[in-house]
Amino acid sequence: QKEVEQNSGPLSVPEGAIASLNCTYSDRGSQSFFWYRQYSGKSPELIMSIYSNGDKEDGRFTAQLNKASQYVSLLIRDSQPSDSATYLCAVGAGGTSYGKLTFGQGTILTVHP
Amino acid sequence: GAVVSQHPSWVICKSGTSVKIECRSLDFQATTMFWYRQFPKQSLMLMATSNEGSKATYEQGVEKDKFLINHASLTLSTLTVTSAHPEDSSFYICSAREDPNTEAFFGQGTRLTVV
Chain C
1 QKEVEQNSGP
11 LSVPEGAIAS
21 LNCTYSDRGS
31 QSFFWYRQYS
41 GKSPELIMSI
51 YSNGDKEDGR
61 FTAQLNKASQ
71 YVSLLIRDSQ
81 PSDSATYLCA
91 VGAGGTSYGK
101 LTFGQGTILT
111 VHP
Chain S
1001 GAVVSQHPSW
1011 VICKSGTSVK
1021 IECRSLDFQA
1031 TTMFWYRQFP
1041 KQSLMLMATS
1051 NEGSKATYEQ
1061 GVEKDKFLIN
1071 HASLTLSTLT
1081 VTSAHPEDSS
1091 FYICSAREDP
1101 NTEAFFGQGT
1111 RLTVV
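Protein sequence lines, in the order shown, are assigned to chains C and S.
Taking the numbering used here, the leading residue of the first sequence gets 1, the next gets one more, and so forth.
Taking the numbering used here, the leading residue of the second sequence gets 1001, the next gets one more, and so forth.
If we strip away everything but chain C, and leave its shape as in the complex, we get (with noise of 0.2 Å):
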């Protein structure tokens, strides 16, 4: 079976301060890699993507991929109590399934004052 995880949390750092998420995948085969943001009642947005193995930045945000661990994180710089939302790790099938995404459970990111 397909998966992805990710640790649900909450993960809770200070104003200012780097928040890291993980999320692993099982499927090999997976061609590409996402990450939605989604605050409580909200439907989720879209904040990375990345396709190939290394880093990717946007703003405050840096996606890591790492297809031979079969890991992607992303990391928020400077944290602000707005960036408080839980975070969902989405992979896209490669093969017969291709382009399928697949969800994590989201991390519950907490950013304090």
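Read the hints as simulated data drawn from the structure, not as lab findings.
Beta carbons: idealized from backbone N, C-alpha and C, even for Gly.
Some hints here could point you the wrong way.
What the hints assert, rightly or not - Residues of chain S clear of chain C, computed beta-carbon distances all greater than 12 Å:
id	residue
1	LEU1026
2	ASP1027
3	TYR1036
4	SER1043
5	GLU1052
6	GLY1053
7	ASP1065
8	LEU1068
9	ASN1070
10	THR1082
11	PRO1086
12	PHE1105
Said to hold, decoys possible - The list that follows gives simulated cross-link-like pairs (lysine-lysine, BS3-like), each with its CA atoms no further than 30 Å apart:
id	chain 1	residue 1	chain 2	residue 2
13	S	LYS1041	C	LYS42
14	S	LYS1055	C	LYS56
15	C	LYS100	S	LYS1041
16	S	LYS1014	C	LYS100
Stated by the list, open to error - Here are the computed distance ranges between Cβ atoms for each label pair:
id	chain 1	residue 1	chain 2	residue 2	range
17	C	SER82	S	PRO1040	19 to 27 Å
18	C	SER52	S	CYS1013	44 to 52 Å
19	C	ALA17	S	GLN1029	37 to 45 Å
20	C	ASN7	S	CYS1013	35 to 43 Å
21	C	ASP55	S	GLU1087	41 to 49 Å
22	C	ALA17	S	ASP1065	45 to 53 Å
23	C	SER12	S	GLY1016	39 to 47 Å
24	S	LYS1020	C	PRO14	45 to 53 Å
25	S	ILE1012	C	TYR71	36 to 44 Å
26	C	ASN53	S	ILE1012	44 to 52 Å
Place chain S on chain C using the hints.
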């Protein structure tokens, strides 16, 4: 990012009635749309994948006769919950993307309450 509009944002219906939810891609052509259901404090569960002009592919355990999906055009997909019951009360979210390996963008979600 691309805009996906979902309507209505919330709906209350009586048990036994049907409810239709619309999902529109406003500034791109969505070859694929997805429908998810999310219960409180749980992650998104994929219900079905629909490609324009073809029948939807339902996930295991999702009743295709209860959750009718139509993807008649490249910008519109609809989900109809037929004969709704209280256990169908949930947050239904659609997403759409232009290419199989690109980002999927989400609609605002529809909170369905069946009384």
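Outcome of the hint check:
1. For LEU1026/S, the requirement that its beta carbon stay farther than 12 Å from each beta carbon of chain C is met, with the minimum near 15 Å.
2. Look at ASP1027/S: its CB is around 15 Å from the nearest CB on chain C, clear of 12 Å, so calling it non-interface holds up.
3. Against chain C, the non-interface label of TYR1036/S is violated: not every CB pair exceeds 12 Å, the least being about 8 Å.
4. Residue placement check: SER1043/S does not keep its beta carbon more than 12 Å from all beta carbons of chain C (closest about 4 Å).
5. Listed as a non-interface residue, GLU1052/S keeps its Cβ farther than 12 Å from every Cβ of chain C; the least gap is roughly 14 Å.
6. Every beta carbon of chain C lies more than 12 Å from that of GLY1053/S, the smallest distance being close to 17 Å; the non-interface claim holds.
7. The Cβ of ASP1065/S sits about 22 Å from the closest Cβ of chain C, beyond the 12 Å cut-off, so the non-interface label holds.
8. Every CB of chain C is more than 12 Å from the CB of LEU1068/S (nearest about 21 Å), matching its label as outside the interface.
9. The claim that ASN1070/S lies off the interface holds: its Cβ sits roughly 20 Å from the closest Cβ of chain C, which is beyond the 12 Å cut-off.
10. No Cβ of chain C comes within 12 Å of the Cβ of THR1082/S; the nearest lies about 23 Å off, and the non-interface call holds.
11. The claim that PRO1086/S is not at the interface with chain C holds, since no C-beta of that chain comes within 12 Å of its own (minimum 20 Å).
12. The Cβ of PHE1105/S sits about 6 Å from the closest Cβ of chain C, inside the 12 Å cut-off, so the non-interface label is violated.
13. A hinted pair counts as satisfied when its Cα atoms are at most 30 Å apart, and LYS1041/S with LYS42/C qualifies at roughly 12 Å.
14. Only pairs whose Cα atoms come within 30 Å are accepted, and LYS1055/S paired with LYS56/C is rejected, the gap being roughly 37 Å.
15. For a cut-off of 30 Å, the pair hint linking LYS100/C to LYS1041/S stands: about 23 Å separates their Cα positions.
16. Of the supplied pair hints, the one linking LYS1014/S and LYS100/C is violated, its CA atoms being roughly 33 Å apart against a limit of 30 Å.
17. As the Cβ distance of SER82/C to PRO1040/S is approximately 23 Å, the hint placing it in 19 to 27 Å holds.
18. Remark: the range hint 44 to 52 Å for SER52/C to CYS1013/S is upheld by a beta-carbon distance near 46 Å.
19. Restraint check, ALA17/C to GLN1029/S: a C-beta distance of roughly 42 Å satisfies the suggested window 37 to 45 Å.
20. Checking the proposed 35 to 43 Å range against ASN7/C and CYS1013/S shows it holds: the Cβ atoms sit about 37 Å from each other.
21. In this structure the supplied range 41 to 49 Å holds for ASP55/C paired with GLU1087/S, their Cβ-Cβ distance being about 44 Å.
22. A hinted range of 45 to 53 Å for the beta carbons of ALA17/C and ASP1065/S is consistent with their spacing of about 51 Å.
23. Between SER12/C and GLY1016/S the Cβ separation comes to about 45 Å, which falls inside the hinted range of 39 to 47 Å.
24. A hinted range of 45 to 53 Å holds for the C-beta pair LYS1020/S and PRO14/C, which are about 46 Å apart.
25. Between ILE1012/S and TYR71/C the Cβ separation comes to about 43 Å, which falls inside the hinted range of 36 to 44 Å.
26. In this structure the supplied range 44 to 52 Å holds for ASN53/C paired with ILE1012/S, their Cβ-Cβ distance being about 48 Å.
Of the numbered hints stated above, those contradicted by the structure are hints 3, 4, 12, 14 and 16, listed in ascending order.
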